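Enquirer: Read off the chains here:
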Amino acid sequence: MADDPLVVGIETSCDETGVGIVQGNTLLADAIASSVEEHARFGGVVPEVASRAHLEAMVPMIERASAEADVALDDVDAIAVTAGPGLAGALLVGVAAAKALALSLGKPLYGVNHLSAHVAVDQLEHGPLPERCVALLVSGGHSSLLLVDDVTAAVEPLGATIDDAAGEAFDKVARLLGLPFPGGPHIDNAAREGGHITLDFPRGLTSNRDLERHRFDFSFSGLKTAVARWVEAREQRGEPVPVADVAASFQEAVCDVLTRKAVDACRATGAGHLVIGGGVAANSRLRVLAEERAARHQIKVRVPRPALCTDNGAMVAALGSELVRRGREPSAWDLPADSSMPVTTVVA
Amino acid sequence: MLLAFDTSTAAVTVAVHDGSSVVGSHAVVDPLRHGELLAPGIVAALDAASVSPRQLTRIVVGVGPGPFTGLRVGIVTARTMGAVLGVPVVGVCSLDVVAVGVAVDEPFVVATDARRKEVYWARYDASGTRLSEPAVAKPSTAAFDGPAAGRGAVLYPESFPRAVAPEYPDASDLARLVGAQRARLLPPEPLYLRRPDVAAPAARKSVL
Chain A
1 MADDPLVVGI ETSCDETGVG IVQGNTLLAD AIASSVEEHA RFGGVVPEVA SRAHLEAMVP
61 MIERASAEAD VALDDVDAIA VTAGPGLAGA LLVGVAAAKA LALSLGKPLY GVNHLSAHVA
121 VDQLEHGPLP ERCVALLVSG GHSSLLLVDD VTAAVEPLGA TIDDAAGEAF DKVARLLGLP
181 FPGGPHIDNA AREGGHITLD FPRGLTSNRD LERHRFDFSF SGLKTAVARW VEAREQRGEP
241 VPVADVAASF QEAVCDVLTR KAVDACRATG AGHLVIGGGV AANSRLRVLA EERAARHQIK
301 VRVPRPALCT DNGAMVAALG SELVRRGREP SAWDLPADSS MPVTTVVA
Chain B
1001 MLLAFDTSTA AVTVAVHDGS SVVGSHAVVD PLRHGELLAP GIVAALDAAS VSPRQLTRIV
1061 VGVGPGPFTG LRVGIVTART MGAVLGVPVV GVCSLDVVAV GVAVDEPFVV ATDARRKEVY
1121 WARYDASGTR LSEPAVAKPS TAAFDGPAAG RGAVLYPESF PRAVAPEYPD ASDLARLVGA
1181 QRARLLPPEP LYLRRPDVAA PAARKSVL
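Same order as they appear, the protein sequences are chains A and B. In this text, residue positions in the first sequence follow the numbering used here: the first is 1, and each later residue adds one. In this text, residue positions in the second sequence follow the numbering used here: the first is 1001, and each later residue adds one.
Among the clues, some could well be false.
[Stated by the list, open to error] Simulated restraints on C-beta separations:
| hint | chain 1 | residue 1 | chain 2 | residue 2 | range |
| --- | --- | --- | --- | --- | --- |
| 1 | A | Phe42 | B | Arg1116 | 16 to 24 Å |
| 2 | A | Ala295 | B | Asp1047 | 55 to 63 Å |
| 3 | A | Glu239 | B | Lys1117 | 49 to 57 Å |
| 4 | B | Gln1055 | A | Pro60 | 36 to 44 Å |
| 5 | A | Pro180 | B | Pro1107 | 52 to 60 Å |
| 6 | A | Ala295 | B | Leu1032 | 30 to 38 Å |
| 7 | A | Pro180 | B | Thr1057 | 47 to 55 Å |
| 8 | B | Leu1032 | A | Ser221 | 43 to 51 Å |
| 9 | A | Ser221 | B | Arg1115 | 29 to 37 Å |
| 10 | A | Arg192 | B | Leu1186 | 47 to 55 Å |
| 11 | B | Leu1032 | A | Gly127 | 40 to 48 Å |
| 12 | B | Arg1033 | A | Glu37 | 30 to 38 Å |
| 13 | B | Lys1117 | A | Glu131 | 55 to 63 Å |
| 14 | B | Leu1208 | A | Asp200 | 16 to 24 Å |
Rather than coming from a laboratory, the hints here were simulated on the basis of the structure. If you're wondering where the values come from, they're calculated on a predicted model, not measured in any experiment. Note that beta-carbon positions come from the ideal geometry of N, C-alpha and C, so glycine has one too.
Given these sequences and hints, build the entire structure.
Expert: Okay, structure coming up:
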């Protein structure tokens, strides 16, 4: 077991109930139930609805993962669970289930950071992480640039959004354009199906003055408002809104800033690798632009496949397995769920 | 070997019952830390009884009604332990657990704190048999001049002038109730009694 620990990972920080099983860097099972459809009509995730769904999905997902991996739970080396950051009530369901699993089986428990898990999951796809990398994590809840020297111990924040998360901006603009929730995939599709980058929307925190204080930070609130102003002005004049063009132009503004700052972070820290994770990493334009810009500076981009970019249990298991392999200390039975867990805390 | 616990109130209470009596127990009152306190409480109660999880043959959990977040901690713990250990899991209305501890010879009510100036409550006859379905209501609606147990009776004396013990459910009572086959068993489903607080989004505000 020393080199390839068998670990169960549980993830409930938002609206996905994920239970994954990995052995070292090999993915054995990744069971996911999502309550996204229950939230769609509210235009965003409703915490109590998500928490209720986690309770109902938890045991079925544990059973599905164990069957898929074809392993007896008795044989696992440890249980890992997202302890934060995320929705407090939602996290608590996963943390309680993980404790129940660990104490029933007599196995160690690791309460881990959701953001570190988004970085660690890339090991399942592309093998061990390099000694130093920059991670760009972008989802409906997070937009962060991290310097990762050791995903089990040394994760430093370089920057983060100062207002909306990137995925949140996608959701809000989608709603404005009459596209369904979650907005990311719908905007991506609209842009790909005949959208042209015709509108010059603002790039937040990219002026020289802003860069002095917020070199690696993001802001998407002003962009969202600029898009809303443009669309409403069109509507007031009784003109049709070119949805595909607005989607493409908005998406370009987001991806431009994300990739520009991510590459700048790699150059500033001497990192030769950029890992991208989170739901927005599934965006086709983000992937293309990141590859293009990184290649100019001999920086390698690592993006896991979309199913591993969005929230899942396998990413938690991947980090857990690495923690066991490195002999890190497990968590105590009174492990709390911490909705605002700092990125510097890998294991709580 | 039965493991019983309840997280539907501010009390996080655990007991182990060997078929004839309670052989280990643990309880803490703290309204905001159910997620932190339950697992250590289970470990402590099992240790006190010198019982390992593998020796358990049944799990029973209080299914509320109670504040959602804490309630779910107990229910997901019970369901997960049951699934992993391969033992049956049953639920009991948490108001019934409070009722077990009431020592009066007349009809009474149990009223627990539902927050938002409301109580979760039910009526019981002199023998402790529940007469009404658990409900959530303003204290004035549930008001009763006779004996009233539970934290709600302590919080709202104008509606419940004769507060009696116990204030919180005790897992030892829960374990004894199930051990003696006197419990009204339920599936391990939460009695939420309230819908989630959600509203469909209002029309978008203009930015012009």
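Enquirer: Is the hinted range of 47 to 55 Å satisfied by the C-beta distance from Arg192/A to Leu1186/B?
Expert: 51 Å, holds
Enquirer: Please test the hint of 30 to 38 Å on the beta carbon pair from Ala295/A and Leu1032/B.
Expert: 51 Å, violated
Enquirer: Range hint 16 to 24 Å: satisfied by the CB atoms of Phe42/A and Arg1116/B?
Expert: 21 Å, holds
Enquirer: Okay, Leu1208/B versus Asp200/A on CB: inside 16 to 24 Å?
Expert: 19 Å, holds
Enquirer: Given a hinted range of 55 to 63 Å, is it respected by the beta-carbon distance of Lys1117/B and Glu131/A?
Expert: 58 Å, holds
Enquirer: Please check whether Pro180/A and Thr1057/B have a Cβ separation lying inside 47 to 55 Å.
Expert: Roughly 49 Å apart at Cβ, these two residues keep to the hinted range, so it holds.
Enquirer: Given the range 36 to 44 Å, decide if the beta-carbon distance of Gln1055/B to Pro60/A lies inside it.
Expert: 26 Å, violated
Enquirer: Between the beta carbons of Leu1032/B and Ser221/A, is the distance compatible with 43 to 51 Å?
Expert: 32 Å, violated
Enquirer: Return holds or violated for the Cβ distance of Pro180/A and Pro1107/B against the range 52 to 60 Å.
Expert: Cβ of Pro180/A to Cβ of Pro1107/B: about 54 Å, so the range 52 to 60 Å holds.
Enquirer: Does the Cβ distance between Leu1032/B and Gly127/A fall inside 40 to 48 Å?
Expert: Check passed, 43 Å falls within 40 to 48 Å.
Enquirer: Would you say the C-beta atoms of Ala295/A and Asp1047/B sit inside 55 to 63 Å of each other?
Expert: Roughly 59 Å apart at Cβ, these two residues keep to the hinted range, so it holds.
Enquirer: Verify the CB-CB distance for Glu239/A and Lys1117/B against the hinted window 49 to 57 Å.
Expert: Between Glu239/A and Lys1117/B, where Cβ atoms are some 52 Å apart, the hint holds.
The earlier numbered hints that this structure contradicts are 4, 6 and 8.
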